[in-house]
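Q: Sequence order for the protein chains is A and B.
If you use this note's numbering, the first sequence closes out at 932, no skipped numbers anywhere.
If you use this note's numbering, the second sequence closes out at 932, no skipped numbers anywhere.
Rather than coming from a laboratory, the hints here were simulated on the basis of the structure.
Heads up, some of the hints might be wrong.
Copies of the same chain look alike in the list, so a pair counts if it fits in one copy or across any two.
List of simulated lysine to aspartate or glutamate pairs, EDC-like, C-alpha gap at most 20 angstroms [what the hints assert, rightly or not]:
hint	residue 1	residue 2
1	Lys670	Asp782
2	Lys857	Glu786
3	Lys890	Glu900
4	Lys669	Asp711
5	Lys669	Asp798
6	Lys669	Asp697
7	Lys669	Glu651
8	Lys890	Glu820
9	Lys890	Asp701
10	Lys857	Glu820
11	Lys857	Glu785
12	Lys857	Glu926
13	Lys669	Asp782
Note that the structure is a prediction, hence the values are computed from the model and not measured.
Single-letter residue listing:
Number of protein chains: 2
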Amino acid sequence: MSAPLFREMAVVGVGLIGGSLALAAKKAGLVGRVVGLDSDGAHREMVLASGMVDRVSDGLTGELSAADLVVLAVPVAEMAGLLPDVARWANGTCLVTDVGSVKGPILAAGDAAFPDGRFVAGHPIAGRERSGPAAARADLFEETNWIVTPSTRTDPRALERVAALWRGVGASVVAMEPAWHDEVFAAVSHLPHLVAYALMDAVLAMPRGEERLKFSAGGLRDFARVAASHPRMWRDIFLMNRDQILKVLTTYREALEGLEAAIRGGDGDALMARLSRARLAREEITHRS
Amino acid sequence: MSAPLFREMAVVGVGLIGGSLALAAKKAGLVGRVVGLDSDGAHREMVLASGMVDRVSDGLTGELSAADLVVLAVPVAEMAGLLPDVARWANGTCLVTDVGSVKGPILAAGDAAFPDGRFVAGHPIAGRERSGPAAARADLFEETNWIVTPSTRTDPRALERVAALWRGVGASVVAMEPAWHDEVFAAVSHLPHLVAYALMDAVLAMPRGEERLKFSAGGLRDFARVAASHPRMWRDIFLMNRDQILKVLTTYREALEGLEAAIRGGDGDALMARLSRARLAREEITHRS
Chain A
644 MSAPLFREMA VVGVGLIGGS LALAAKKAGL VGRVVGLDSD GAHREMVLAS
694 GMVDRVSDGL TGELSAADLV VLAVPVAEMA GLLPDVARWA NGTCLVTDVG
744 SVKGPILAAG DAAFPDGRFV AGHPIAGRER SGPAAARADL FEETNWIVTP
794 STRTDPRALE RVAALWRGVG ASVVAMEPAW HDEVFAAVSH LPHLVAYALM
844 DAVLAMPRGE ERLKFSAGGL RDFARVAASH PRMWRDIFLM NRDQILKVLT
894 TYREALEGLE AAIRGGDGDA LMARLSRARL AREEITHRS
Chain B
644 MSAPLFREMA VVGVGLIGGS LALAAKKAGL VGRVVGLDSD GAHREMVLAS
694 GMVDRVSDGL TGELSAADLV VLAVPVAEMA GLLPDVARWA NGTCLVTDVG
744 SVKGPILAAG DAAFPDGRFV AGHPIAGRER SGPAAARADL FEETNWIVTP
794 STRTDPRALE RVAALWRGVG ASVVAMEPAW HDEVFAAVSH LPHLVAYALM
844 DAVLAMPRGE ERLKFSAGGL RDFARVAASH PRMWRDIFLM NRDQILKVLT
894 TYREALEGLE AAIRGGDGDA LMARLSRARL AREEITHRS
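Using the sequences and the hints given, assemble the complete structure.
A: Spelled out as structure tokens, the structure:
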């Protein structure tokens, strides 16, 4: 057997993503040992007992010194604050990466904490409805994209080693410019969630709203599922990617007003043109895969 | 074997819903013969060759006289215009029902065409992404709701016989006040579709919109599926249920503005309160079933 890609991987935040990466990387022989750092005692017990990690700790102090890779898999709002501590406790050649779904502010903090380019900002496009380490799966990243958003500071060799880990667990590596990443995901991920939350809030705010919900079929059920996912996580994402979200919201409001005007004016042709255009988007998405 | 509930059922518009009802009612022995009336020649050939119906015709003239039940399963915009013709060609004891997803205007036209109360306005809550008779299935209505919206004019015996047909194909019968039906479905079906269409239109209208779509994961894919369904059908529904849709759109816009204000102001607590409320809606829907 060849040597693993990393001797010791420290996963900070052993939830769905961190836990799945631990499982997948161990299964594929990509890492020697995994240490799990988590502030939640029940999670620590669970991931140690299940063998998902080899060692656990409730803090960074002293536990990072043996790692040659640190993966930050905490909520996005906590990433930037952790990076200086990771720089302080990790050894001077250790690579550091994250899995946050907003990249601009985290990349800036990572470059500041690791001016020699050892921080690699990443975003695996994977998830499940359930969260926490009990939802972790070794196959979570198979046939997904792992997006990497290097800066001019990022060390290309560091990027290549982290990319090899993600390829090893089944993901395709896609490089994107960080600001463009945050614009794209504001549109294709953050906005849809915001719209789903607004829709559920609106139905509940209507007269006899809960009674209406009992008649939900196809359409609303999909939205309800989207809107049921992790309010804290989405609060943090919405606040962290605020500027891009406000920008796509403006475009969305214009589209909605265009549909509303056509309905109000009874303009079937204008309505049909707008509804048919949306169908093209589906084809665009479907042809991609 | 007991006598069927209806000797001859005429299905006007043999698409997904009309075709599925023909299949299901024949399979359950609820109807003796089925005649399919459709303006689409390819559909007529298909439904006759497959045995979905016993006879076909391209118009109402003369073909309705033997029917003791006429089911209108054409697009909602065509229902009201057909009802006087059905009254003209059907025999004087024939029951008439429809499957339209907007009820107010259709019920008014039905009551006008059948002042003796033989029109029963209904709405089966069932569907598939695909449409047309080739998508028809005998089990489409199993464990679904069939909503009936009687007026003061509707004959209770007519209602009971039509309800027996829908129960016989596996649906539960739910009676609703017609205006309340149109309010409820504006909220839980029409608005979600409108919102999904607006979202897809908005992403396409953004700079490099098609490129963004290539990164769609969970959230947007669900919306794209919703927005890909039958633009003509949705145009007609949006126009026919216009007043109710404009009303729920106002509430929706307020909910969206509330979320936007919280994001703009960086108000995490207000945002969290709104996102958590949406989760309650999910529980409401889930506990229903």
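Q: Given a CA cutoff of 20 angstroms, do Lys669 and Asp697 count as a within-copy pair, a between-copy pair, both, or neither?
A: within (10 angstroms within a copy, 63 angstroms between copies)
Q: With 20 angstroms as the alpha-carbon cut-off, assign the pair Lys890 and Asp701 to within, between, both or neither.
A: neither (39 angstroms within a copy, 52 angstroms between copies)
Q: Could you figure out if Lys857 and Glu820 sit no more than 20 angstroms apart (CA to CA) within one copy, between two copies, both or neither?
A: Answer is between; shortest inter-copy Cα gap is 15 angstroms, intra-copy 44 angstroms.
Q: Which holds for Lys890 with Glu900 at a C-alpha limit of 20 angstroms: within a copy, between copies, both or neither?
A: Classified as both; 16 angstroms inside a copy, 14 angstroms across copies.
Q: Can you give me the call for Lys670 and Asp782, within, between, both or neither, at a CA distance of at most 20 angstroms?
A: within (10 angstroms within a copy, 43 angstroms between copies)
Q: Classify it for me, Lys669 with Asp711: is the Cα-Cα distance of at most 20 angstroms met within a copy, between copies, both or neither?
A: within (15 angstroms within a copy, 69 angstroms between copies)
Q: Could you figure out if Lys857 and Glu786 sit no more than 20 angstroms apart (CA to CA) within one copy, between two copies, both or neither?
A: between (36 angstroms within a copy, 15 angstroms between copies)
Q: Should Lys669 paired with Glu651 be assigned to within, between, both, or neither, using CA atoms and 20 angstroms as the limit?
A: Answer is within; shortest intra-copy Cα gap is 11 angstroms, inter-copy 66 angstroms.
Q: I want to check one pair: Lys857 and Glu926. Are their C-alpha atoms no more than 20 angstroms apart within a copy, between two copies, both, or neither?
A: Result: close only across copies, 11 angstroms inter versus 32 angstroms intra.
Q: Checking an output row: Lys890 and Glu820, CA cutoff 20 angstroms. Within, between, both or neither?
A: within (18 angstroms within a copy, 42 angstroms between copies)
Q: When no copy is specified for Lys669 and Asp798, does a C-alpha distance of 20 angstroms or less occur within a copy, between copies, both, or neither?
A: neither (25 angstroms within a copy, 70 angstroms between copies)
Q: Reference check for the pair Lys857 and Glu785, CA-CA at most 20 angstroms: within, between, both, or neither?
A: between (37 angstroms within a copy, 18 angstroms between copies)
The structure fails hints 5, 9 (numbered hints given earlier, in ascending order).
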